[in-house]
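Asks: Chain by chain, the residues:
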Amino acid sequence: MQRKTTGAISALVISSALSFHAFADTTPEDAKDYRSAVMTSLRGHIGAASMIARGLVENDGHLVDHAKGLDAGAKELSRVFPKGSNVGETEALPLIWEEPEAFAEAVEKLQDATAAFVVAAESGDGEAISAAFRNVGMGCRGCHDRYRVSD
Amino acid sequence: MSAWVAGDVTTAIVYPTRLRNLLKAATLLAAFSMLPQAALSQDDIVERGRYLTYAGGCISCHTEDVDDAVPLTGGRAMETPFGTFYSPNITPDRQTGIGAWSDEDFVNALHDGISPDGEHYFPSFPFTSYTGASREDMLAIKAYLFSLPPVSKESRDHDLAWYMSSRIAAGAWKALNFESARFVPNPDQDEQWNRGAYLVRHLGHCGECHSPRSTTGVIDADLEMAGSVLGDEKIPNITSHRTDGIGRWSASDIEYFLDIGMLPDGDFTGSSMVDVIEDNTSKLTREDRLAIAAYIKALPALESEED
Chain C
3 MQRKTTGAIS ALVISSALSF HAFADTTPED AKDYRSAVMT SLRGHIGAAS
53 MIARGLVEND GHLVDHAKGL DAGAKELSRV FPKGSNVGET EALPLIWEEP
103 EAFAEAVEKL QDATAAFVVA AESGDGEAIS AAFRNVGMGC RGCHDRYRVS
153 D
Chain X
3 MSAWVAGDVT TAIVYPTRLR NLLKAATLLA AFSMLPQAAL SQDDIVERGR
53 YLTYAGGCIS CHTEDVDDAV PLTGGRAMET PFGTFYSPNI TPDRQTGIGA
103 WSDEDFVNAL HDGISPDGEH YFPSFPFTSY TGASREDMLA IKAYLFSLPP
153 VSKESRDHDL AWYMSSRIAA GAWKALNFES ARFVPNPDQD EQWNRGAYLV
203 RHLGHCGECH SPRSTTGVID ADLEMAGSVL GDEKIPNITS HRTDGIGRWS
253 ASDIEYFLDI GMLPDGDFTG SSMVDVIEDN TSKLTREDRL AIAAYIKALP
303 ALESEED
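So the sequences go chain by chain: C and X.
Terminal number for the first sequence in our numbering: 153, no gaps in between.
Terminal number for the second sequence in our numbering: 309, no gaps in between.
Wrong hints could be hidden among the right ones.
To be verified - Among the chain C residues that face chain X by a calculated CB cut under 8 Å, a handful are:
no.: 1; residue: S52
no.: 2; residue: I54
no.: 3; residue: N61
no.: 4; residue: D147
Treat the hints as calculated values from the structure; they're not laboratory data.
All C-beta atoms in this analysis are idealised placements derived from N, C-alpha and C, irrespective of residue type, glycine included.
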């Protein structure tokens, strides 16, 4: 029930025009660039976390930091696709704004996965970390398949 | 046996650390593949066939691209400059699938591109790669396919340009461009590279998408794995070229990409490679993915063709 409610709220946010409670003069370009910056931060955390999950770098506690960064960034995704930000060089497909509820649901899947990844990272259990990280990847792919321009 | 079985690969990201253990495992794996088939029970052969069916990428092409598709019942469209090919049903249904095929029929199809009726297949079916696979592996795949429930589903006819509408065209193409030959390990390379070569060039048929083709559909041998265009999708250069290809990727990066789809920069691919990862490479053992990575990393650096 709660999930449904948040989904509806997310969908509402996505379909409303420039929902940032930022400065009055946030332009559609700014909104698009901000989204792109958030995505870049997600990529950075994922790249770093994967090296720890793969055992290439020792897990001396930093995995939790990356997991929390990922989780925070994933939560932001609910508000970085305001209507009207489909401008300039963006990889976001118009379908995002044509089916906001389905999109919000896909974003929520990622958010569930990143929240679970924080729990796994805190547990320090290698297998749980691997499985949770894999689910984060599925969450990313879940949107990139349908809602992002393919090369 | 367990080294062959995909079994628990989903949790296999917890890696053993020492390279020499990996090499040892790869050697054992290679040694295993030399065992005569008579040493295996029918169950073992079916299980091995299941693994090889993943490694051969059979499922992604022989399953329609819709949510509720029954695996291996065919119907996936493959758009090419020559028209649209539709993959056939390869479940063991006797009427609409391959249930009536003998071992020889199956091996002829995969090694030589010839149907049980003696017709030539178009090279949209990658017999040009499978020709290098061992007879034992091919028959294990058949044993697995025949262990599955038969599904009655008529295969759809290809929708081809007029000059391709006859199987004679396929025969002519083969006479010019195809030689039936099994894989021979390169003694100058180690076991891991050879296993990778077998998986990449033959079973996994990576070059069928990743290599450019001439106007008659022949793979350009000078640009093997240097990328291509399929429909409206750009297929990347996977040679060791540092800017055009994936020369900056480590073996671990390649192995991990084939396991979960993550690019080294933390991005996740949304390309048609997703199906290949899901139905093929993620189901392999980590040792086999590392063998693929070792082979790919050793590919000579090639520049991509001009667009």
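Asks: Which numbered conditions among the earlier hints are violated in the structure presented, ordered from lowest to highest?
Replies: 2 and 3
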